[in-house]
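Participant: In order, the protein sequence lines correspond to chains E and G. For the first sequence, this note's numbering begins at 1 and goes up steadily by one. For the second sequence, this note's numbering begins at 1 and goes up steadily by one.
Check each hint, because a few of them may be wrong.
In silico lysine-lysine, BS3-like type, Cα no more than 27 Å apart, as pairs [as the list claims (entries may be wrong)]:
no., chain 1, residue 1, chain 2, residue 2
1, G, Lys17, E, Lys497
2, E, Lys223, E, Lys100
3, E, Lys497, G, Lys4
4, E, Lys223, E, Lys376
5, E, Lys272, G, Lys13
6, E, Lys272, G, Lys17
7, E, Lys376, G, Lys17
Calculated directly from the structure, the hints in this document are not laboratory data.
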Amino acid sequence: MSVQFWTWLLVGLSFALYFGIAIWARAGSTKEFYVAGGGVSPLANGMATAADWMSAASFISMAGIISFAGYDGSVYLMGWTGGYVLLALLLAPYLRKFGKFTVPDFIGDRYYSNTARTVAVFCALIVSFTYVAGQMRGVGIVFSQFLQVDINLGVLIGMTVVLIFSLLGGMKGITYTQVAQYCVLIFAFMVPAFFISLQMTGNIIPQIGMGGKVEGGAFLLDKLDALHTQLGFNEYTSGTKSTWDVFAITLALMTGTAGLPHVIVRFFTVPKVKDARKSAGYALFLIAILYTTAPAISVFSRTNLIETVSEKEYSEIPQWFKNWEDTGLISWTDKNGDGKIQYVAGNALDGKKPVFTEERGTYGERMISNASVSQKNELYVDRDIMVLANPEIANLPNWVIGLVAAGGLAAALSTAAGLLLVISTSVSHDLIKKQWMPDISDKGELRAARIAIFVAILIAGYFGINPPGFVAAVVALAFGLAAASFFPAIILGIFDKRMNSKGAVSGMIVGIALMLFYMMKFKLDMFGGGTSEDWWFGTSPEGFGTIAMCVNIVISFVVSRVTAAPPQDVQDMVESIRIPSGAGEASDH
Amino acid sequence: MDNKQQHATAYWKENIKYLVILLSIWFLVSFGCGILFREALNEFRLGGFKLGFWFAQQGSIYAFVILIIVYIRLMNKLDKKYGFDE
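One chain only, chain G, in its complex shape (with noise of 0.2 Å):
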């Protein structure tokens, strides 16, 4: 294996484990707190929100918005590590 497949090969990884770390996170604030875990979570409350509700109807997107944030930072820095940056 030469060197550029080497680094192709590990970048790849690393990009996985990026991927599983940040849906994980994506299935957890959505299908885990807005879904599943919804009747435990409304008896805590957000101001005015039930804690459920309020993940099913704005955290989750919230959270949306920060996963991909997260994930730009992430890349960047990741093509950065390799050589594969543009």
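So that you can see chain E by itself, here it is in the shape it has in the complex (with noise of 0.2 Å):
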């Protein structure tokens, strides 16, 4: 049986049974859209958060920039669990039991005020949008992939998936679509990782195979610190980045995690404060599962590449290498015309892509016209590709690949859906119903919720079809800005009874707004751009969510204790969310 084949029965299999779950799970009612009737299991809850959070870019992304990164990678692994802890400890009991729909609702009512839940709107609609942009892209590249159909086509299949579970189910179809997607996701993941563990170390766990040893006695780790030094690269397991920027980026995937709207919103689809607990933690144990195998597919694939194609003919290359090579994601230029790939530290081309002319090279290979001359690398590898062509590498069969591909897409699929339904409850429950009408009656603001998921994955859909530069250097920024914006009105709403709407509102508007700032100036050259040596106190603009949510803090901190002190019964409120009993009656509108 093809590959072709394989993908295209299990993709289609897994899509039919997210459509059987969707109408299986239709949404009657305004609390059913927005939080699935407050009914889910604790289990199915932690199932569908683990699949809300592990994007596109956990699941195609991040074991191959690891691979890439060695230890800076780290910075992913710690901070995308990590946040988890923040979020299990700190928020999810106390929004559970605050018992209403949204992140702006808690933000609205506990800072008594219309513009702090305008201003929490913005900012989850910003995040949210600059997020699904980047996940349609990645639905469109893995169709594009896998189906041999063009990333606009791939883009538009997904858009329409997308909403139809998403409008059909609400909240509680998009649940139980996740949970589905979660065990199709980590499935997809873990087979082609037994394999090459096995294949590698003799050990069938990749987390313990990373640590064993190779054919010879060698660690691995060790071996693949050696060849990195043999070829002029740093030590896999030491990196690049410095110590600050490290600890910086770090807090700022915490804190981000912990802030993105679209898992907040996951706990208060559970019966009670005890099972928002308990489902933060199955949903940080369900993600762990995937956390602690990527950096092992990474060290894997690692080795497996340098050694598969460093000073080897390329006439000799396996088949896999000239199949990426024809999608685009690889590229190799003879620079000194000896036939052979040589694969040392320092950049191939000049500029980050390779551009492709229509003519081929005395081995076959295909030419490009911007091989950088200065330097002495000749190999061009497309990180995204680390995790999708695995099976290839490893020469698994076909079924894998197919399985790979269905994967890809479900992580994709489900958190696009989450964050449209963020979109969608922004727009319909916090500025329609609570502040332009608030006499809308209920189905009236479940069709204006299925308007804005409408409207939202038009544009999301715009977006992946027309990159612009900005998403894909925004994605990885949208934790930084929830880190700025919500975070600390979260943490403090709930930790400090004296925090009022003065210093909330001040500190998320000036947080968001040196985020973006920051964002714009190095990111997208604005402002007179810069180069990392103009950054703050040494900051990457990754990092710099950290710094942006420590001056909200104590802005926040100095503004609310100058003004007067929260209304009594917002007090009130307070003190009853730090108690779990009574969680029932809360959620009941």
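Each of the two chains sits in its own frame; use the hints to bring them together as a complex.
Facilitator: Here is the structure:
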């Protein structure tokens, strides 16, 4: 059976499953639409949270990024899992007790101010849109690689699928679809990992295999370090980023995770406070399965890649190399004319991506027009192929390759659906119902939510098809934005009874403005731009969320102390969310 | 202060105590072992791993999972102790 056959079959089957679930779990009321009726079991919610959380980036890109970054890649591993500790300990139980539908709801009520609510809606929309655009692009890429369709058509198919199951089911449909998607994606991620770990280290558990020995008796990691040094790269286990920057990025990713609105809303869907804690635990456990496997895959595929290509004759290179060259994710230029692939430190290209000409070189390789003259390195490898091409590199059966395609789509679609729901609730609930038309009926609100999803998906699809340069730059920074805006406002709202609306609003505005400014300056070259030498306190834009967050906290604190204390009923509310009992009532609207 | 209020204050105090302890461990395994003291820990080995590298890529994640499980247990007990259980 061919790869094509297996891909169509497995993708088709998984999609049929999602549709079936969406129809079975149709939403009838706004409560079902927003929070799945509040009756989801902690395990199901944990699985849905995990799927919601693990995006195309986690599934496709993360292992590849770590594979090239080595130790520096730890920021993603620790940052994206460590945030769950904050979420479980500092946010989930209290927001569940508060028992409303959305994050702007909490901020609006806690800070008794529609200004605060509007600022929160604005932040939620920025964070969600930047994130969802990247997901739609991810869907397009997976479709185009595996099903041989145009990327744009891939985005359109993805849009239609997400639209159908989110329109039908709302949060309820999405929750149960995501449970299925979690199963598909984790299975698809683990199967190749088991195979490869067994092949390389003789141990089937990748987490253990990563620290195991390879043929010849050396430890795999030592061997990889040696290969790296030999070829002029930095030692794999050491990395190149400064300690401070690693620290700042990790903290920004952690607090950003805890502040991402589409993850937080998930904890509104369980019946009790106890269940909110429990489901955060399940979610982290389920995420940890993938997140501890990813660094192992990175090490395996990095070693595999170097051993397969370094100093090898191009004419004797395996077929997978040429397949991926055809899709444009690998390029090779024979700079020294010896017919062998030199893979050493340095950029093979001028610019980020290879620019292919239509011609073929002496050995049948695709010619490029932007080979870098000053650097010896001849090989360009796109990071994203490390997971996607892994099964081929390791010679795994065709059904495994099809499975990886289905898994990548599950990861991208589940996250896109979760984000679209946040966008639509922010508009229909926090803007329309709470601010513009308080008398709107349940039915009218539901209709507004569905229209909002429809509009949001058109915008997301537009950005997926015409990705503006800034989307790629900004997706990684969505976390910085969440860290700089929501996180302090929510934490202070729970743990500091004296925090008032003026403090929180000014903190949020300054925090997000600072983060946006820094992003535009150093990522998009606005306001004069700048290089890494100009970074403030040596902090990269990815890590700047940490600084913006601290500024937010200081400003919130100072402003709240020089202005009047919050009214008594708000202080009572804070007291009440600190105590778990009675959450049942709080969630009944 | 009535009885319920007293209970609530005591409950919150103990809750904060747990949070401080658990978050200190959270900070220690990730920012401590994985980042700040990494170089020193790399002198030691855990099988094929340098210890600091292991904490950064594997160990801290296992610790996070354990931390949440411990937290859930502690809080369930605390809820019962103060009668805030549901």
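Participant: Does each hint hold? Answer for all of them.
Facilitator: Structure-based check of all given hints:
1. Proximity of G:Lys17 to E:Lys497 is assessed by CA-CA distance (about 17 Å); at most 27 Å being required, the pair is judged to hold.
2. For the suggested pair E:Lys223 and E:Lys100, the alpha carbons sit about 53 Å apart, so the restraint of at most 27 Å is broken.
3. With a C-alpha separation of about 19 Å, the suggested pairing of E:Lys497 with G:Lys4 holds against the 27 Å cut-off.
4. Taking the CA atoms of E:Lys223 and E:Lys376, the gap is about 23 Å. The hint holds against a cut of 27 Å.
5. Between E:Lys272 and G:Lys13 the CA atoms are separated by roughly 22 Å; this keeps the pair inside 27 Å, and the hint holds.
6. The suggested pairing of E:Lys272 with G:Lys17 holds, with an alpha-carbon distance near 23 Å, which does not exceed 27 Å.
7. Restraint check for E:Lys376 and G:Lys17: not satisfied, since their Cα atoms lie roughly 57 Å apart, outside the 27 Å limit.
Hints 2, 7, counting from the list given before, are not met by this structure.
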